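In the order they appear, the protein sequences are chains Y and X. Per our numbering, residue 13 is the first one in the first sequence, and the count goes up by one each step. Per our numbering, residue 1377 is the first one in the second sequence, and the count goes up by one each step.
Simulated from the structure, these hints should not be mistaken for lab results. Just so it is clear, the structure is predicted and the values come from calculations on it, not from any experiment. Among these hints, one or two may not hold up.
So the derived label-pair ranges between C-beta atoms look like this [claimed, not checked]:
id, chain 1, residue 1, chain 2, residue 2, range
1, Y, P183, X, P1499, 27 to 35 Å
2, X, A1497, Y, L67, 39 to 47 Å
3, Y, L294, X, G1414, 33 to 41 Å
4, X, N1413, Y, S101, 29 to 37 Å
Each residue gets a CB set at the ideal place from its N, CA and C atoms; glycine is no exception.
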Amino acid sequence: MFQFFSDALLRAADLALIAVALSAVYSLIRFPNVALVQYAVVGAFLAISLQSAGLGLVAAAALSTLAVGALAVLFNLAIFERLLKVESSIALIGSLALSMILSAVFLLVYGPTAYRLQLPVLAPIRLMGVRLTTWQLWTLGLSVVVLALFALLLLRTRLGAEMRAVATNAPLAAATGIETRRVTNIVVFLSGMMAAIGGITLALRGSVSIDMGTNLLLPVFAAAILGGLGNALSAIVGAIVIALAETVITNTNLGPLMGEAVWFLPASYAPVASFAILVLFLLFRPRGLFVSEVTRV
Amino acid sequence: MIEAKELRAGYGDGADILHGVSLNAHAREIVTILGPNGCGKSTLLKTIAGYVIPRAGQVLIDGMDAGHIPIQRKVRHNRVGYVPQTDNVFGTLTVAENLRLGAALLPRAERTARFEELLAAYPALAGKLNRKASALSGGERQVLSLVRALMPRPQILLLDEPSAGLSPLMMHEVFDAIAEVRDKHDLCILMVEQNAFEALGVADRAYVLALGKVALTAPAKDLLKDPAMRQLYLGGEIEAA
Ligand SMILES: Nc1ncnc2c1ncn2[C@@H]1O[C@H](COP(=O)(O)OP(=O)(O)OP(=O)(O)O)[C@@H](O)[C@H]1O
Ligand SMILES: [Mg+2]
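The shape of chain Y in the complex, shown without the other chains:
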């Protein structure tokens, strides 16, 4: 039982970082940047490359995180700001194109093999009957700290108030003297960093290959939409729901249904859960878990 929850929690933490980033950026620029899941892959690959170039683990992770933040800003200035002047649907297609280009670059540079970070072997820990590796605990802790810091920034600081102000009403924010473009690019930077950290936490627990971004796309989007796109912190709840659903469908013995004693859905079917939940929500609560009707004024 506890094993089930710890699996779900670990998965939720990975998804939450990227889903919160996606939702936060969406709140400001009004289009879902599909390329964000690829920023997570860039973060993971870059950390691996920096480490194999001789940097320590922490330095490699930190440098990669900052670099991906900077890259996100660069892409925003060079591509998305221009496309948004035309239309947000064009920007969405642009972000799809960027995703594919990034995928192609990964294939070119890294090929189809899976890569790992070089990690010291640490003894696993037993906690209430659950076997956890030390790295799982570290990644969980890291995700929780990063999410908490982001929440504090958003809710308790002046920059956070400016971010919410720009998200609510950009023209009025400008009339309040807020440099809306600067605030937007700060959020883009933070979102790139969060996506990178999400990718690095995945790399800390397993291998990284070029299809990681594609595999993340659906559950991350489902989590962000469940939270109500644009409500950054609610995406955390969305991530927990998706992670629970995925864990349930891959951990339930479907033997009786299949006429066999024991039959589990292969783990590769986990996205089915996200997909099913996503479709249900889009049908019945298109604005997410927390908004049942239009409350925007």
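For chain Y, the structure is supplied; the task is to place chain X with the ligands on it using the hints.
Below, chain X with the ligands alone, put in the same frame as chain Y:
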């Protein structure tokens, strides 16, 4: 203090909405802009504020060309305040957060004092500091938007229909407040209004806009007295008032 010279402006590739508008307003003066719906009053204010870039003509602040300075820079550096006609508060933020964003432009040491000072002057807001602005009544929002704009001590205030949606009592309170800031802080106030009769009551001068042009300009008192003008621009019902 603030002057528009032969302003021409419009949206996107559309036709001109303003066809060469000239006006001015000085310190310690309330100038009201009247005119029928759709004649371009809000567009004029947005062009002066810096949301809409003029296609021709000039916006001068203290004699300096400011036509191409975007609104956030005008607010930060030229001490301009602007309150739009609609969506003039941050609905998802609390009342206190709305006001603090306004005060954020002041030097750090002055912020709290200014915040307290204005709350004392507008007690209606003081009891609702932790409410979301979207949960305020229309009138309370109007007051909040005005106080938010006053926070950084602007010297020029551009108000787009500050009395819209207010009860008569509230309307008088808001106009009294506007007259008070003019007198106390030597403000230059440019105010678009639909409630022409009341607006002329507090204003010093008025411009009447029609079809994107200044149809008439006169001291507010004269306009109030002129029966033909009342009939033409202020609507028949004013006759009874
Ligand atoms: N954002 C916009 N894009 C395109 N056209 C606009 C825009 N805003 C206003 N217009 C057009 O410009 C003209 C003038 O509009 P404006 O809002 O300036 O009028 P107004 O005098 O303020 O009217 P009201 O009294 O109803 O507020 C109208 O024909 C309107 O349709
Ligand atoms: Mg208007």
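Results for each hint:
no. : hint                           : result
1   : P183(Y) - P1499(X): 27 to 35 Å : holds (29 Å)
2   : A1497(X) - L67(Y): 39 to 47 Å  : violated (58 Å)
3   : L294(Y) - G1414(X): 33 to 41 Å : holds (39 Å)
4   : N1413(X) - S101(Y): 29 to 37 Å : holds (32 Å)
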